[in-house]
Amino acid sequence: MLNRVVVSEKNLKRFQEFQYEKFGKRYLDYRKHWESPLEEILSQVTFPMYLMLEQSFLCNLKCITCIHSDKHTGYKKKHLQKSVMPIDLLDSILAQAKSHSLPAISMHSNDEPLLLKDIDVRIKKCREADIMEIFLTTNGTLMNESVAEKIIQAGVSHVLFSIDAAEASTYEKIRGESFFDKVLLNIKNFNKIRNALNGGLYPIIRASFVVSRYNQTQINDFISKFSSFVDFIEFQSFQKFHTETDDFIPLGAKQVQDFSCSEVFKKLIIRANGDILPCCTWYGYDLVLGNVYRDKLEDIFNNNAQLNLIRENSLSKNYSLQSCQQCSKSFYAL
324 MLNRVVVSEK
334 NLKRFQEFQY
344 EKFGKRYLDY
354 RKHWESPLEE
364 ILSQVTFPMY
374 LMLEQSFLCN
384 LKCITCIHSD
394 KHTGYKKKHL
404 QKSVMPIDLL
414 DSILAQAKSH
424 SLPAISMHSN
434 DEPLLLKDID
444 VRIKKCREAD
454 IMEIFLTTNG
464 TLMNESVAEK
474 IIQAGVSHVL
484 FSIDAAEAST
494 YEKIRGESFF
504 DKVLLNIKNF
514 NKIRNALNGG
524 LYPIIRASFV
534 VSRYNQTQIN
544 DFISKFSSFV
554 DFIEFQSFQK
564 FHTETDDFIP
574 LGAKQVQDFS
584 CSEVFKKLII
594 RANGDILPCC
604 TWYGYDLVLG
614 NVYRDKLEDI
624 FNNNAQLNLI
634 RENSLSKNYS
644 LQSCQQCSKS
654 FYAL
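Counting from 1 along the sequence shown, just add 323 to a position and that's the residue number in the working numbering.
Read the hints as simulated data drawn from the structure, not as lab findings. Check before you lean on any hint, since a few could be wrong.
With a straight-line Cα cutoff of 27 Å, these simulated DSSO-like cross-link-like pairs (lysine-lysine) come out [to be verified]:
{"no.": "1", "residue 1": "511", "residue 2": "473"}
{"no.": "2", "residue 1": "652", "residue 2": "590"}
{"no.": "3", "residue 1": "336", "residue 2": "619"}
{"no.": "4", "residue 1": "447", "residue 2": "348"}
{"no.": "5", "residue 1": "505", "residue 2": "385"}
{"no.": "6", "residue 1": "619", "residue 2": "447"}
{"no.": "7", "residue 1": "348", "residue 2": "385"}
{"no.": "8", "residue 1": "348", "residue 2": "336"}
{"no.": "9", "residue 1": "440", "residue 2": "515"}
{"no.": "10", "residue 1": "421", "residue 2": "448"}
{"no.": "11", "residue 1": "652", "residue 2": "577"}
{"no.": "12", "residue 1": "447", "residue 2": "421"}
{"no.": "13", "residue 1": "336", "residue 2": "447"}
{"no.": "14", "residue 1": "345", "residue 2": "473"}
{"no.": "15", "residue 1": "563", "residue 2": "496"}
{"no.": "16", "residue 1": "421", "residue 2": "385"}
{"no.": "17", "residue 1": "336", "residue 2": "355"}
{"no.": "18", "residue 1": "577", "residue 2": "619"}
{"no.": "19", "residue 1": "473", "residue 2": "333"}
{"no.": "20", "residue 1": "385", "residue 2": "652"}
Use the sequences and the hints to build the structure in full.
Set out below in C-alpha cells:
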C-alpha cells in the first residue's frame with residue numbers, strides 16, 4: 324500500500340538512536356509491537372499505540388480528491404462539524420494517554436492543524452505527557468519560519484508534508500491553489516531551521532505523494548525535487564470515495580484485492596467533538612465507537628463490540644459492515 328524512498332538513512336538512524344537513549348526498552352517494545360502480526364497485537368497491547376486527534380475539521384484548501392472539496396457537500400453537512408477540539412478535552416485525552424504510556428500521537432486527522440494558532444501549545448502538552456512520537460501532517464502552506472520554530476521547539480518529532488505534485492501546474496490542478504513554490508520554499512526553510520535548532524536530529528521530515536491520474540507521470544521528478552531537504556518520501560495508493568473521485572484513479576492502476584486493515588489493531592481516532600472512530604479513512608466517519616466525554620479509551624479499545632467485529636472481519640478479509648465493505652474496495656495501486 325505504501326512505498327517509501329529513504330533519502331537520509333543517516334538522519335533516520337540518528338533519530339532512532341536518540342529515541343532509544345531517551346526512552347530505552349519502552350521505545351523498543353513500541354516498535355516491536357507495531358511490527359507484530361495483527362493476530363498477536365491484541366495479546367500484547369491493551370491501549371492504542373497511536374492516537375490521531377482531529378484538532379478541527381478545517382482546511383484552507385479544497386483539493387479535488389479530498390473530502391474538503393466541493394464534490395462532497397452532502398457528506399460534509401452530515402459529518403463535518405466546524406469545531407475546534409477544546410483544550411480541556413485535549414487535557415482529558417492526554418491524562419488517559421499518560422496513564423497508559425501512550426507511545427505515539429498525531430496532531431491531525433483530516434484537518435490542517437496549522438490553522439490553530441496554539442498548535443505549538445498542544446504539541447508541548449503531548450510532550451509533557453511523555454509521548455515518544457508526535458506527528459503532524461500539513462499541506463505546508465502555513466509553515467512560515469515563525470511557525471516552524473514554534474512547533475520544533477514545542478517538541479514535534481515528525482512533520483509530514485502532503486504535496487502530491489512535482490510541478491506548479493499539477494499542484495494547482497489537484498490543490499486548486501497556486502501555492503507550489505511557496506510550499507517548496509517553506510519546506511526548504513523548515514529543514515534549515517530544524518538543522519539550526521538541534522543539528523537536524525528531529526523532527527523527521529517526510530514529503531508525501533498520493534498517486535492519482537493527474538500526477539502519476541511525476542513520481543521520479545518528485546523524488547529529484549524533494550530529496551535534498553527531506554528525510555524520506557512516501558508514495559501512497561489512491562483511495563477513491565464512493566464514485567465521486569473515480570475520474571482520478573491512476574491509469575493502469577488495479578484495485579487492491581484481499582485488503583486487510585491494520586489500523587483497527589493499533590490506533591483510535593478522536594474527533595474535535597470527542598467522537599471516537601476506528602480508522603482515519605473518510606468511510607470511518609460512519610462508525611462512531613463512542614465519545615471521550617463519556618467513554619474511556621481503554622474500554623473502547625478492548626471491549627467495543629463493533630471494533631472487535633471490524634478486527635475479526637479484517638483478519639478474515641470478509642467485511643460485514645457497509646462502510647468497511649466500501650473502504651476495502653476503494654484502494655488502487657500501480
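Hint-by-hint comparison with the structure:
no. : hint      : verdict
1   : 511 / 473 : holds (16 Å)
2   : 652 / 590 : holds (21 Å)
3   : 336 / 619 : violated (36 Å)
4   : 447 / 348 : holds (23 Å)
5   : 505 / 385 : holds (17 Å)
6   : 619 / 447 : holds (23 Å)
7   : 348 / 385 : violated (43 Å)
8   : 348 / 336 : holds (17 Å)
9   : 440 / 515 : holds (22 Å)
10  : 421 / 448 : holds (11 Å)
11  : 652 / 577 : holds (11 Å)
12  : 447 / 421 : holds (14 Å)
13  : 336 / 447 : holds (24 Å)
14  : 345 / 473 : holds (22 Å)
15  : 563 / 496 : holds (17 Å)
16  : 421 / 385 : violated (35 Å)
17  : 336 / 355 : holds (16 Å)
18  : 577 / 619 : violated (40 Å)
19  : 473 / 333 : holds (25 Å)
20  : 385 / 652 : holds (24 Å)
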